[in-house]
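Everything in the sequence shown is counted per the working numbering, starting at 20 for the first residue and increasing by one.
Mixed in with the good hints there might be a few duds.
What the hints assert, rightly or not - Here are the simulated DSS-like cross-link-like pairs (lysine-lysine), alpha carbons at most 25 Å apart as the crow flies:
hint, residue 1, residue 2
1, K339, K303
2, K339, K327
3, K64, K239
4, K339, K202
5, K472, K280
6, K327, K306
7, K83, K472
8, K472, K239
9, K202, K356
10, K306, K239
11, K202, K327
Don't read these hints as lab results, they were simulated from the structure.
These figures come from a predicted structure and were not determined experimentally.
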Amino acid sequence: MKRFRHALVVPAIAGLMLSGFTPAFATIDPVDETLPINSTGIPAKYAEQPINWHPCADDELPSKPPAGAENIQCATYLTPRDWTNLADTRDLTIAISRLPATGTATQSLFINPGGPGAAGRIWPVKLRNQPRVRANQEVIGFDPRGTGMSTTITCGGALDNPEYLDPRDRDPANLSRILDVTKEAVGLCKERSGDLGPLITTDQTIHDIDLLRVLLNRPKINWVGYSAGTWMGAYYAQRFPERAGRFLLDSPVEFTTTWQKAFDWQPMSFERRWRQDFLPWMAKYDKLYHFGTTADAVRETFEQVRAKLRTRPVDYGGLKVGPNILDSFAAEGIYAKSQFHGTATMLVDIRTLTEQTASADERAAAANRISSARRHEDVLIPRLGAAAADSSSTAFWTIRCNEGPWTGDRDSVVVQSQQYLDRQQTLVGGKWMVQPCIYWDKPRPPLPVIDGKGVPPVLMLHSEHDPATAIEGGRRAHAAFVGSRMVTVTGEGDHGLYATSGANNNKTLDSVVQDFLADGVLPPADLTVPGMPLPVPPGA
20 MKRFRHALVV
30 PAIAGLMLSG
40 FTPAFATIDP
50 VDETLPINST
60 GIPAKYAEQP
70 INWHPCADDE
80 LPSKPPAGAE
90 NIQCATYLTP
100 RDWTNLADTR
110 DLTIAISRLP
120 ATGTATQSLF
130 INPGGPGAAG
140 RIWPVKLRNQ
150 PRVRANQEVI
160 GFDPRGTGMS
170 TTITCGGALD
180 NPEYLDPRDR
190 DPANLSRILD
200 VTKEAVGLCK
210 ERSGDLGPLI
220 TTDQTIHDID
230 LLRVLLNRPK
240 INWVGYSAGT
250 WMGAYYAQRF
260 PERAGRFLLD
270 SPVEFTTTWQ
280 KAFDWQPMSF
290 ERRWRQDFLP
300 WMAKYDKLYH
310 FGTTADAVRE
320 TFEQVRAKLR
330 TRPVDYGGLK
340 VGPNILDSFA
350 AEGIYAKSQF
360 HGTATMLVDI
370 RTLTEQTASA
380 DERAAAANRI
390 SSARRHEDVL
400 IPRLGAAAAD
410 SSSTAFWTIR
420 CNEGPWTGDR
430 DSVVVQSQQY
440 LDRQQTLVGG
450 KWMVQPCIYW
460 DKPRPPLPVI
470 DGKGVPPVLM
480 LHSEHDPATA
490 IEGGRRAHAA
500 FVGSRMVTVT
510 GEGDHGLYAT
520 SGANNNKTLD
530 SVVQDFLADG
540 VLPPADLTVP
550 GMPLPVPPGA
């Protein structure tokens with residue numbers, strides 16, 4: 020989840036439909052080539068280091084680049100460990116990548132997947148089939164400090180919730196155990212991340228980004244940020260407005276508030292996507308899945324499977340799937356409609372593993388399908404190796420707990436999670452008692468004011484049923500961020516909208532985005548664009 024910037028103020032026209040609409044669009048000012056490259060006080064030791072670009076080796080990326088991105092390049096650079104204490108001579112390494120422009124590169128477009136704390140070195144490949152954008156822009160990816168192939172932090176896997184701890188089991192002893200495990204995990208994070216842990220913050224990272232801008236010899240950068248990458252983008256633009264070019268904020272979190280308030284939308288938005296999109300879709304194809312002919316029936320079958328897993332978890336590939344893991348699989352599997360068939364098949368196979376009447380062959384086939392799906396599913400954030408996954412999980416909580424206020428205690432998080440369950444927000448609502456930040460004893464400096472004042476115009480995209488970043492939070496961020504434009508995608512729930520669906524991209528939406536990123540043409544007012552239909556599963 021994340022944020023954005025400001026600019027030219029044009030009265031919004033509520034409900035404006037894109038089709039047939041051809042007024043004069045606003046154009047962002049061109050890059051000021053007279054602006055000194057290093058005007059932000061970066062020491063020469065860092066500002067003058069060379070970048071050793073080279074073809075990415077197999078072990079430098081989490082997956083092999085797809086066709087059209089074979090020429091992706093990798094490099095690293097050094098950055099200060101602490102931008103507020105440059106006397107500390109210890110450096111950090113930042114891993115970066117570049118998908119070259121198809122023509123002469125005159126601009127650099129940074130891309131970030133969010134998290135917060137997700138590794139992004141592979142992400143330039145997302146834009147490999149965007150010829151207008153790539154004509155004169157190199158696409159830059161990076162693993163933020165603390166993650167991926169950059170200098171990392173770790174909790175040693177301590178933040179991964181044990182599969183046997185079911186937060187929907189409201190027995191006081193079970194709840195106390197979950198809280199104790201969370202507290203123990205925070206202690207391990209502090210011990211294992213050491214004095215680097217407090218320096219994994221958005222503010223430190225945006226200074227790393229500005230140093231990279233200098234090393235690329237660019238007076239400004241352009242930006243594509245997904246989810247929490249909108250937070251990072253908005254913070255960079257607010258801190259360095261004269262360095263911000265065309266900033267796209269896709270599926271934003273409410274970046275104008277605190278992390279805690281931004282994430283508190285999730286139990287509602289995941290439940291909405293689950294009940295209004297996925298469950299009816301799975302029911303529609305009951306002849307294929309045999310899980311229920313109505314949304315309510317599919318949910319009831321899911322709950323029956325979940326109840327069996329509470330007393331008898333199933334095992335495949337060394338991973339025990341209990342109710343907590345089942346909930347996580349389901350939540351992860353509704354980020355994009357392209358995942359629906361894989362998610363439905365996984366639920367069917369997990370049910371098979373819980374059935375006493377299933378044969379050994381049926382169980383083995385189900386387990387193999389589940390393992391294969393987990394290895395190859397097309398998710399927004401690519402799967403990483405164990406170490407990289409741990410660093411991303413660690414950074415996910417460390418960033419949020421390090422920044423701004425986080426209120427609550429053992430009693431309040433139990434009450435809050437129960438309130439979500441009482442509202443029938445069951446898919447992730449029970450998990451809301453797992454809040455490491457209530458035990459975080461590191462100082463939390465106040466968050467800067469993020470209001471878009473003085474920032475160039477930014478473009479925001481949001482789908483109505485986004486599960487991870489509720490559109491309600493995106494609308495609040497849009498209203499609070501001066502000069503932003505928002506494209507609302509109706510009849511849609513994908514998290515991450517631009518260039519994330521391959522041949523199934525929303526061509527109307529892509530056209531608006533490409534006009535902005537390639538030509539600096541911003542819609543004069545908010546737009547409403549129809550989404551893409553849900554898929555027909557293979558064999559239906």
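Kindly indicate which numbered hints from before are broken by the structure, ordering the numbers from low to high. Violated hints (numbers, rising): 1, 7, 9, 10, 11; every other hint is consistent with the structure.
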